[in-house]
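Chemist: Guided by the hints, dock chain B onto chain A, whose structure is given.
Chains A and B, in that order, give the protein sequences.
In this text, residue positions in the first sequence follow the numbering used here: the first is 572, and each later residue adds one.
In this text, residue positions in the second sequence follow the numbering used here: the first is -8, and each later residue adds one.
What the hints contain is simulated information worked out from the structure, not anything from laboratory work.
Among the hints, a few may not be true.
[Said to hold, decoys possible] Below, computed lysine-lysine pairings styled on DSSO-like, alpha-carbon distance capped at 30 angstroms:
id, chain 1, residue 1, chain 2, residue 2
1, A, 601, B, 291
2, B, 156, A, 695
3, A, 671, B, 156
4, B, 156, A, 701
5, B, 291, A, 701
6, A, 930, A, 942
7, A, 639, B, 156
8, A, 695, B, 291
9, A, 652, B, 291
10, A, 891, B, 291
11, A, 700, B, 36
12, B, 291, A, 600
13, B, 36, A, 701
14, A, 700, B, 112
15, B, 291, A, 612
16, B, 36, A, 612
17, B, 291, A, 908
18, B, 326, A, 700
19, A, 671, B, 291
20, B, 36, A, 671
21, B, 156, A, 650
22, A, 713, B, 156
23, B, 326, A, 695
24, B, 156, A, 877
25, B, 291, A, 888
26, B, 36, A, 652
Every value quoted in this text rests on a predicted model; they were computed, and no experiment measured them.
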Amino acid sequence: MAAVRFQVAVLCTALALCTAMSSEALAQKKYDSGASDTEIKIGNIMPYSGPASAYAAIGRTEEAYFNKVNAEGGINGRKVKFISYDDGYSPPKTVEQARKLVENDGVLLIFGSLGTSTNTAIRKYMNEKKVPQLFVASGASKWNDPEHYPWTMGWQPSYVSEARIYAKYIMKAKPDGKIAVLYQNDDFGKDYLKGLKEGLGSKAAMIVREEAYDPSEPTIDERVVKLKASGADIFISITATKFAAQGIKKAAEINWHPMQIISNVSASVGAVLEPAGIEISQGVLSATYAKDGSDPQWNADDGMKKFYNFLAQYQPKANKLDAGVVYGYAAAQTMVKVLQLCGDDLTRENVMRQAASLKDFEPDTLLPGIKINTAPDDFAPIEQLQMMRFKGKKWELFGDIMSSDIRH
Amino acid sequence: MSAAEEVVAEGHEAVEAVPKRAMTLGTGTSLVVLAALLIVPVFVKNFIIFQMTMVLIYGLAVLALNILTGGSGQFSLGQSAFYAVGAYTSAVLMEHANVNYALTIPISAAICFGFGYLFGKPALRLSGIYLALATFALATAMPQLLKLNFLEHWTGGVQGLVVTKPDAPFGLPMSQDMWLYYFTLAVTGAIYIFSVNLLRSRSGRAFMAIRDNEIAASSMGVNVALYKTLAFGVSAGITGVAGSLGAIAVQFVAPDSYTITLAISLFLGMVVGGVGWLPGSFVGAAFIIFVPNMAESISKGLSGAVFGVLLFLVIYLVPHGARQVAILGQQLVGKLKRN
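For reference, chain A alone in the conformation it holds in the complex:
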């Protein structure tokens, strides 16, 4: 009998211990809407239809990446449920979808939504609701404003950062040059111009002529002629794809051979340099932060090997020439990193705290040396780029990774 009693006592103690331990463990776990022991719900809004639907590759890659994460056991044992809706690039629809994600689906956060005006439309709402709007897929500089919008954070280098890097490069390579700028007359162009002037600092007088064009203009030929007439020997073309090609072509036609820089937005071989003419595009400069999925120089690269394996296994239909695929992979990887850092404290507040304390994180598909760093007063994850020059039929990287910080 005594033995039985002893057994019962042991059982009781064990049971009591277990309960105590599990309740202690439970006490450490903290959840907001959208997170639980088994699942993390992540919302996303993409233009699967409409004028910007080419960018939807980003959303599809992110979805595939989360599938991979789930197949490998999830994040700290929790599966990611990625809910992605279509807004057709129309701001009112973005608002509807964001509200659906937050109020109906109860997501923990909204990640990687695409577009400047679409994200502006929901920024106030997200901040009022205190729901993280993380890693916005837009190059506008306004996402780095933790003081006014502590729940919104960008990801890619802003147009301002990129322009500052061009300024730095010019001051080193051609300190007594004369700059002519052609820019698109909207937030994209103006952000660049601002960054360029900030980067040049006291040497802003190097800019001898600025020409703004409207995206609805059929051609910018006349503006290029005017820029040449200014006597400039550096031509910075802050233009969308079609106009970038026109600019390169016209400059060659009128026998103007300045140092040419085109924005990263238009640094596409297929969409810009080929139509302009491979021959006359030799030596054109730009900058980038991500590896080119079609460039054989990365075939032996560890990060890219992982990326190619991922594509083969989880997204075999994706076009690896599409920059959006490389982008989506790296952005999703950053998101997963933040959620890993959150541990068992999956509250919205902690998500923002972890997102704002990334240290030297290097996603697989970004250039070697480009590191993601954030701080409570720095909501701009990627601020470095590397210069590249068009040679033969592809871009060649050169020089060091450059930081857009003006101080160093």
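Modeler: Just chain B, lined up with the frame of chain A:
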């Protein structure tokens, strides 16, 4: 007779199967619908209330188009432009001049009425598909006009303007969404009653006379030019009110919000709801809001194609839209009563 006019005329024949009340719902049905609209928000989430508000707002815009096309037989693919003017009027007044949101609505209505009336003048010389083209031009021009540099100080350029959502007044214990819903419902109700009465009035009969036969109308003494421009003005004014409410509900205006896609959606809503049948406007609005979401849940990559198939089904099965469904329902109820 152009193809465009045929659609309207054809619809009209279907209307005559149910004489007199063709433009509206019966009193009983209207009251039931109104009661449902009043009660439902108490039981649903804020998000659903927001969607219902958007249905009312787009419904108003479709209603405005319905008065123009179903009433006076004129076509417009430029409603997004009037919608944008209304939205920007409210946004600019609220954010730059601190005008109360409720006051901005009549101002929007007045400005859009003037804008529509003036646009109606040159449009007088055009009819059918040519008018559709001219209004199309207006819709494509509007987003670019909103980006103009010298307006940027007011409109915020491409960045757009963020609008503050109003709280419920007098300390009423309801959320912003619910208050805005009831506010929108009140405005919508008032405009609906106004529209029904307008189409039943002398002016409404003049609109329809012009729609059915312009020459006959003018020989009966209808001032064709005046009534055609008037129809444009009224339609633009109501669309402007919808735009204002839309800006307040969405809390944001930007040129990207008011592209030609919006104009086409509104047109689609009118056809699905039934051309010339005012209650159908709201059914059409629900269609343009909810069906794309449904299509997306069926297939993300092919959402456009799925939407197209659904649209085809509607056109083939019920070519006169919601009106046809309503007529069928009415006949069914009638039969049941007799038995």
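Chemist: To test your reading of the hints: which numbers does this structure violate?
Modeler: 1, 7, 12, 14, 18, 21, 23, 24
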